[in-house]
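Peer 1: Chain by chain, the residues run as shown.
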Amino acid sequence: MSDLESFRAETREWLEANCPPEMREAVRDEGDVYWGGRNAKFKNDAQKAWFEACRDKGYTVPEWPKEYGGAGLNPAEGKILRQEMARIGARPPLSSFGIWMLGPALLHFGTEGQKQRFLNEIANGEIRWCQGYSEPGSGSDLVSMQTFGEDKGDHWIVNGQKIWTSYADEADWIFCLVRTDKQNKYQGITFMLFDMAGEGVSTKPIKLISGNSPFCETFFDDVKVPKSYGEDIPAYVGEINRGWDVAKYLLGHEREMISGAGGGDRTAAIGAAMKRNAGELDPVLRAELAQFDVDALSYAAMGEKFLDELKVGKAHPAQPNMMKYVGTELNKRRHELMMAAGGSRALEWESEETSGGKPSRNWLRTKANSIEGGTSEVMLNVISKRILDLPGA
Amino acid sequence: MPLYYDEDQAMLAESAQQFMAEEGAIAKQLRHWRDRDCKDGFGHGLWKQFAEMGFTGMLVDEDDGGLGMGHVEAGIVLEQIGRNLTPSPFLSSSVLAATALKHGSDDVRGRWLPGLIEGEKVYSVAIDEGAKHRPETIACKAEKSGNGFRLSGKKDFVVYGASSEMIVVAARTSGSDSDADGITLFAVPQDASGMSHDSVRLVDSSMASHVTFDGVELDGDAVIGEVDGGREVLNAMLMAGRVGAAAEGVGVAQGAMDMTVDYLKQRKQFGKLIGEFQALQHRAAHLYSEVEIARAVTIKAAQLLDGGSEKADLMASVAKAKVAKAAGLAVKEGVQMHGGIGMTDEYDIGLYMKRDRALQEFLGDQYYHAGRVAEMSGY
Chain Y
1 MSDLESFRAE TREWLEANCP PEMREAVRDE GDVYWGGRNA KFKNDAQKAW
51 FEACRDKGYT VPEWPKEYGG AGLNPAEGKI LRQEMARIGA RPPLSSFGIW
101 MLGPALLHFG TEGQKQRFLN EIANGEIRWC QGYSEPGSGS DLVSMQTFGE
151 DKGDHWIVNG QKIWTSYADE ADWIFCLVRT DKQNKYQGIT FMLFDMAGEG
201 VSTKPIKLIS GNSPFCETFF DDVKVPKSYG EDIPAYVGEI NRGWDVAKYL
251 LGHEREMISG AGGGDRTAAI GAAMKRNAGE LDPVLRAELA QFDVDALSYA
301 AMGEKFLDEL KVGKAHPAQP NMMKYVGTEL NKRRHELMMA AGGSRALEWE
351 SEETSGGKPS RNWLRTKANS IEGGTSEVML NVISKRILDL PGA
Chain R
394 MPLYYDEDQA MLAESAQQFM AEEGAIAKQL RHWRDRDCKD GFGHGLWKQF
444 AEMGFTGMLV DEDDGGLGMG HVEAGIVLEQ IGRNLTPSPF LSSSVLAATA
494 LKHGSDDVRG RWLPGLIEGE KVYSVAIDEG AKHRPETIAC KAEKSGNGFR
544 LSGKKDFVVY GASSEMIVVA ARTSGSDSDA DGITLFAVPQ DASGMSHDSV
594 RLVDSSMASH VTFDGVELDG DAVIGEVDGG REVLNAMLMA GRVGAAAEGV
644 GVAQGAMDMT VDYLKQRKQF GKLIGEFQAL QHRAAHLYSE VEIARAVTIK
694 AAQLLDGGSE KADLMASVAK AKVAKAAGLA VKEGVQMHGG IGMTDEYDIG
744 LYMKRDRALQ EFLGDQYYHA GRVAEMSGY
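Read top to bottom, the protein sequences are chains Y and R.
Heads up: the first sequence begins at 1 in my numbering, then just goes up one per residue.
Heads up: the second sequence begins at 394 in my numbering, then just goes up one per residue.
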């Protein structure tokens, strides 16, 4: 048996022993997702047991090095673990912006001291992070952001406002773009890390068309941010005034995450499930579903190819933009079709049968997919310039 | 298995790309034969060169003198064929007929494979009966006759049929027209008496036959595989052919897209390169995405087929449908973005549009395959 085959066999056995049956069911609502953090509560014992088993094994972040809380898996092993988890429908043991976004940035740009502290806290689910990027006047044109940190020697005094901060009201810390040089547009931004419990930080949830409030406005009113949290633990990633490099690197990861390239619901075919729910499908709807399934199954293959290439450095650096564009447009189409197949039942906003209006609320939520993390139009701009090398600004 | 080419496959891709760009180029092959009104529609010299490159027998088992490669490798060659619009019997002979012959007896393989591997012979397949691909229904009949069979009926869209030394024919040996069972495959030699070709040129300048079998007497040793058990062989052929056609379609899409993106960087209007206009940039970027995805799903389907996966049939249909959509978009956007010059015969972009049209139809169009995906998925 090859090393990989025996790894697969061991993984299968480990999952069998450690993944409770409840954790193999599809995620139904927000409570089924475990985000970690200081105030985290487990929904049930199964969620707790599954999280702890993965944490102890390094499987909350399987491909991170062991010294930072991961399991040190190589890309081939990581793929096998994903496949085996998908095979039994295992839920992710821990979800967080620390895993998806800050972690990769720290692995790339962080000091040893930052990695030791922050990566372990993320892997162990101790600290829940949020991301402070967009501002009311800076959406697609992110680099125009104005939140300012005044240099006071050993600390900054930060003033300004962020918007669309996902789960800011539940986060412990924020990784935040702060302008530290007003004269220099691109090289005047610092990628700061600070505690949301600090004085002067406040959040206000934004109610969306879905009726839910996953995003916040975040206000900074004379927030004191020390420049260092101890030896070799600066309060910023990369260099002062060079935070845009980190932000751009991280946007790639954000786009990869939103793209759903890793599989799961975002890449699944839906026709068969729609037929089961609806009983009978209108022939034209059936045809649309078939076209959708062709696109979704094709996109799943693209996701697999993209991740395989990414792991070995073969992917074009701008490819996450393409994945994000296609993945989010596909997801919007998926929910349009699910609403159509669901009929009047899918319109219900609060009923028990729809778990509180899940079909319609989810449908509305997907409309943000092609806006957040860079709009589809911005993605197409980036593909034109960086991949197709088309001329013009 | 990662979803990208391994080292050997990358080397094959490089040599196939170089070879096809030089020897299979549009001016050297497609236009050359078309403008001479060649009755074959392809060059036998190039077919010999394919043999020298090892392409002709790449899917044939090593024990039979081939290279024993898989559909990922065949797809690599086909993508380059598509990119250069190289007219060749590769898909019909080296993919479809070769897949059928794998199921043949020692005698059948010994009779037909050497000529294929050497590039001496060309084979085609006769599946369709009518203008649309409906292989679920086969009416063409082969009745017992002495030690052999008597073949009667008609077949359509037999690509390069009139130039072929042998045609693999799917015929009914028992049951009714739409039965899954009762199919037998036959290797029908060119000189079989009672077989006639009505050979027509298609929109893409390839040649295809309407073939009539008027009581064609066949020896028992013309049978490929089991009598009445041909559906399995036919399905294997169809999967291989669909994945192969998808790979060729990816090449057509890529070729059309490359030409078009180049054109956007050269053509000036309103004092600007037209590629500076966001209205065109976004369409080009969308097209790029679709072509990338079409390639990914085609390689995936080929890997599944090579691995003997039970998902291969579904993914072959997904790939064929997706490539049809992506390549269709590539050629339509290609002609539109080229503007008036795209409508001229002198410019190659229109040739891509024509080839795409024929390739879309071959072994089932996107509507057929999307419908098949729905059926196989249970709705």
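Bear in mind the hints are in silico, worked out from the structure with no lab data behind them.
Be a bit skeptical, because a hint or two may be false.
To be verified - Chain R stretches covered by chain Y per the calculated footprint, using a threshold of three residues with CB under 8 angstroms from any CB of chain Y:
#1 460 to 467
#2 617 to 625
#3 679 to 691
Claimed, not checked - Dumping the calculated PhoX-like pairs for lysine-lysine here, alpha-carbon to alpha-carbon at most 20 angstroms:
#4 K385(Y) with K658(R)
#5 K248(Y) with K311(Y)
#6 K432(R) with K525(R)
#7 K665(R) with K525(R)
#8 K747(R) with K385(Y)
#9 K385(Y) with K665(R)
#10 K79(Y) with K48(Y)
Computed from a predicted model, the values in this text were never measured in an experiment.
Yeah, the Cβ is synthetic: ideal placement off N, Cα and C, and Gly gets one too.
Peer 1: Does each hint hold? Answer for all of them.
Peer 2: Here's how the hints hold up against the structure:
1. 460 to 467: violated (count 0)
2. 617 to 625: violated (count 0)
3. 679 to 691: Since 8 is at least three, the answer is holds.
4. K385(Y) with K658(R): With Cα atoms ~12 angstroms apart, K385(Y) and K658(R) stay inside 20 angstroms; holds.
5. K248(Y) with K311(Y): Roughly 19 angstroms separates the two Cα atoms, so the pair holds.
6. K432(R) with K525(R): Status violated; Cα separation ~24 angstroms.
7. K665(R) with K525(R): Roughly 46 angstroms between the alpha carbons, so the hint for K665(R) and K525(R) is violated.
8. K747(R) with K385(Y): Distance of about 30 angstroms is beyond 20 angstroms: violated.
9. K385(Y) with K665(R): holds (16 angstroms)
10. K79(Y) with K48(Y): Answer violated: K79(Y) to K48(Y) is near 24 angstroms, above 20 angstroms.
Comparing the model with each numbered hint stated earlier shows that hints 1, 2, 6, 7, 8, 10 do not hold.
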